[in-house]
Amino acid sequence: MSRRAGTLLACAGALGALAACGDGSALSPKGPSARDIAGLWWLMFWLGLAVYVFVVALLLVVLRRRGKAQEPVAATPGEGRALIWGAGVGMTTVVIVALVLVSYSVGGRIYDRRGTSGLQVEVIGYKFWWEVRYLGRSDAITANEIHIPTGRPVDLILTSRDVIHSFWVPELAGKLDLVPGVRHALRIQADRPGEFRGQCAEYCGVQHANMLLLVVAQPPDDFDAWLDRQGQPRQQPTDPLTQRGEEVFVRTPCGACHRVRGTTATADVGPDLTHFASRRTLGAGVRPNTRGHLGGWISDPQAIKPGNLMPPTKLAPDELLALLAYMESLT
Amino acid sequence: MTTTEDTRPSVQTADLDRAWATPPGFIGWLSNVNHKAIGFRFIVTAFIFLLIGGLQAALIRTQLIGPEQGFLGPDAYNQAFTLHGTTMMFLFAVPMIEGLAMYLVPMMIGSRDLPFPRLNAFGYWLYLFGGIFLYWSLFTGSVPDGGWFNYPPLSGPQFRPDTSIDFWLLGVTMTEIVGIVGALELVVCIARHRAPGMSLNRIPVFVWGVLVTSLMILFAFPPLVAGGLLLELDRKIGTHFYNPMAGGDPILWQHLFWIFGHPEVYIMLIPAVGMLATMVPAFTRRGIVGYPLVVVSLVAIGFISFGLWVHHMFAAGLPALAMAFFTAASMAIAIPSGVQVFALIATLWRGKLVWSTPLLYIVGFVLVFVLGGITGVMVASVAFDWQVHDTFFVVAHFHYVLIGGVVLPILGGLHYWFPKMTGRMLDERLGKIAFWLIFGGMNLTFFPQHILGFLGMPRRVYTFQSGLGWDFYNLVSTLGTYVTVAGFLVYTANMAINWSRGRPAGDNPWDAPGLEWATSSPAPAYNFAAGPTVSSLYPLWEPEGAAPRGQPGLLDELQGHRREIVGTTVLDAEAIEILELPGNSLWPLIAALAIVLFLFAVMIDSIVLGGIGLGAIVGSLACWLWTGSERTHE
Chain A
31 MSRRAGTLLA CAGALGALAA CGDGSALSPK GPSARDIAGL WWLMFWLGLA VYVFVVALLL
91 VVLRRRGKAQ EPVAATPGEG RALIWGAGVG MTTVVIVALV LVSYSVGGRI YDRRGTSGLQ
151 VEVIGYKFWW EVRYLGRSDA ITANEIHIPT GRPVDLILTS RDVIHSFWVP ELAGKLDLVP
211 GVRHALRIQA DRPGEFRGQC AEYCGVQHAN MLLLVVAQPP DDFDAWLDRQ GQPRQQPTDP
271 LTQRGEEVFV RTPCGACHRV RGTTATADVG PDLTHFASRR TLGAGVRPNT RGHLGGWISD
331 PQAIKPGNLM PPTKLAPDEL LALLAYMESL T
Chain B
25 MTTTEDTRPS VQTADLDRAW ATPPGFIGWL SNVNHKAIGF RFIVTAFIFL LIGGLQAALI
85 RTQLIGPEQG FLGPDAYNQA FTLHGTTMMF LFAVPMIEGL AMYLVPMMIG SRDLPFPRLN
145 AFGYWLYLFG GIFLYWSLFT GSVPDGGWFN YPPLSGPQFR PDTSIDFWLL GVTMTEIVGI
205 VGALELVVCI ARHRAPGMSL NRIPVFVWGV LVTSLMILFA FPPLVAGGLL LELDRKIGTH
265 FYNPMAGGDP ILWQHLFWIF GHPEVYIMLI PAVGMLATMV PAFTRRGIVG YPLVVVSLVA
325 IGFISFGLWV HHMFAAGLPA LAMAFFTAAS MAIAIPSGVQ VFALIATLWR GKLVWSTPLL
385 YIVGFVLVFV LGGITGVMVA SVAFDWQVHD TFFVVAHFHY VLIGGVVLPI LGGLHYWFPK
445 MTGRMLDERL GKIAFWLIFG GMNLTFFPQH ILGFLGMPRR VYTFQSGLGW DFYNLVSTLG
505 TYVTVAGFLV YTANMAINWS RGRPAGDNPW DAPGLEWATS SPAPAYNFAA GPTVSSLYPL
565 WEPEGAAPRG QPGLLDELQG HRREIVGTTV LDAEAIEILE LPGNSLWPLI AALAIVLFLF
625 AVMIDSIVLG GIGLGAIVGS LACWLWTGSE RTHE
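Protein sequence lines, in the order shown, are assigned to chains A and B. Residues in the first sequence are numbered consecutively from 31, following our numbering. Residues in the second sequence are numbered consecutively from 25, following our numbering.
There's no promise every hint is true.
[What the hints assert, rightly or not] Short, incomplete list of chain A residues facing chain B, as computed with Cβ under 7 Å:
1. Ala80
2. Ala117
3. Asp207
Derived by calculation from the structure, the hints in this document are not laboratory data. Ideal placement from N, C-alpha and C gives every residue a C-beta, glycine not left out.
Using the sequences and the hints, build the whole thing.
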């Protein structure tokens, strides 16, 4: 009976653990750092499961015993010593010494990969979005979407302009805090092209839940092309509609907070929008970047992400249409 | 059954009744300083806060029942999890532990009262007012929403200029003072007022746990009081201790908070585990196996717990070598914890089991706490923690530890000592139903959260998008919460129904070995008419005649017409003196009110009111000390 219960328990645990291996999970690693940690997890999982099954099995055996009735007595000195020393002290010590050593070695391996990788990307946390700057390419500024070349380590330089945030893309690496006044370095690397979801992991205020980001890993050539493009000023509006849209952007509150390089809108309160149309999401991942969602976002961002810093913008219908066309032209 | 109580005719219970009486009426009730009255108030108040915190948990889980729900909204959700954590830690767990200790420890060690009864009453009032103060924020519209950890700069004046964080800081500081006051009292009581003969090796494990925890509180709470003071200075007079824009360091707060916050976990755990070890002999008919090891490992947990705090900061970018130390320490604490678990199992092994409800809670503890301990060893690994830190994996981990290691023992303990406190038995059938609902419900709630953590779900998010594979586990988790809530309703109903209508319990319904069962249920205000003496760890299980009667000498001099307790030596508990205790007084209540007035003045920036408050504090303390003992007759 107890063996069956133990097996059942082991299966339940393993099933639960396997369920955590789906896409987007820390257990479906797409880079060396996350892979090392996933390996560490599986080792700890099987060891932990063995210990738990042992304790439960022991408990079941003990509880099913029929002790004989007797006058209540104190325990005799030394009884149960084998169990307490053997299991409580001995087994626990062996398991944790093993885990400490393995943990040090995995941590060391992740640390050892530090050094200059060539590509450094500054990630700056704001309530509630991410600014992304490619160091050495002072014009390549974007937000909420980090493109990296595959197969190559990238060092993220993390800091914050307001409160503490935390950078976490489970498929690529563990998390690291963005602390105002301090710069932390986190190395990430993706083996193959793909899009990896991330999210702020340190409670940072009312919209902590919607501070999302995307890491896009591209083949090196595609990445270089993308980076070149991001470094350029905005796409000149060519048709009357987008020209009118740019006029609206610069004249209305949009330009008071956002920058579109190549125009007179140079504020840096909100995300840089020079190549906005090339991004997959808006509002730091809260909606897909489509015309309908963008219109809704501009008109009333507080309905979608209450508490974010962007105020609603009142525009005449034709102004809004022009602005939307302009935003869509910022590839 | 034998009792060690001495019934020498020289002690007149009529005298005792008069000396220890509480004046009638509401004023009398307010002036009561007896340890059982105060302990009971702590327990009831803390239980109410447990229910409030549980209600908040149900609100939190309802908001997360599925993707993009609008049940609470971001503001209310953030307030709910802030109040949930704050309530459970500061207003439920520590006060409940201290309340149980205040009620039970003097009886367990054969004393008539705690050594500083007025300080005790002062503690209760300040606790009650601190709790009310925190919850008063609900009526002002600026409810704390910075999390129970309140990291600056988010909690600093730049980002939270309203009074919400001040409500939190001042309310929590009051409960911290209460913790320190109670700890002082319990340390002195356990060190100096044990019954003659109760040498160190005859102290019940729960009392050991309370001693270790009290000493820990004395070292762990001041850092948070100091840290809170610095934050309040930042907020009120513009200092920049935590402001990075002016050269301050927000990480300093994290250190101060967790130097308190990690020992805090064990401050709750150690007496709870001690409670189990003290209850278990009644249900195994055999004393706890490996008593010296159990006690030594409790002390070891207390020491090691001060070297763990940085494991809450593994993602804060600290130096690698420093973090490596905390990995080893965090894992090492598994060894003394393992001793606790296997000593319990060994005791169950050697004994003849009596399947009453408290035993279910003891077994539940092993099943739940061990799982939480195993995931605890995992998150002690820096590299692994980088992935699961601040995710639902950690939420699952510490709820397994705290529900398994603190809540289940407390629920079992309340079930066990309810007859001593009320003179009535709880219903066994309802008790078992409540256990299974709570046990099943908590597993259903928290097990799926481990998986959510791996799937990328961070903590403290009020909403999530669908299509991430999170929906199902969140749904199961929320349904589990409802089952747990049902369990708590049954548990509470059981107590409400049997409070006055339960089967009469008699002195010792479990045939338990501890001294607290040697007196009537409920016990008279003075607990024991004559000071008991002790000759073993299980005085009530001693064969007839083996327990020596009270040694002639000092004990004979205990007077009936004054409130007197015996002072004994620290190691061997030899009676060396008789101390007189102060009587009932309203001054502790007035002193607590004066402190509330002063802190309220700080919050609304009123210098005049602050001056009045400060004067009232000094004045009430002077009167408190002036009015010493009452002479009931001469």
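Under the constraints set out in the numbered hints, which ones does this structure not fulfil? The structure breaks only hint 1.
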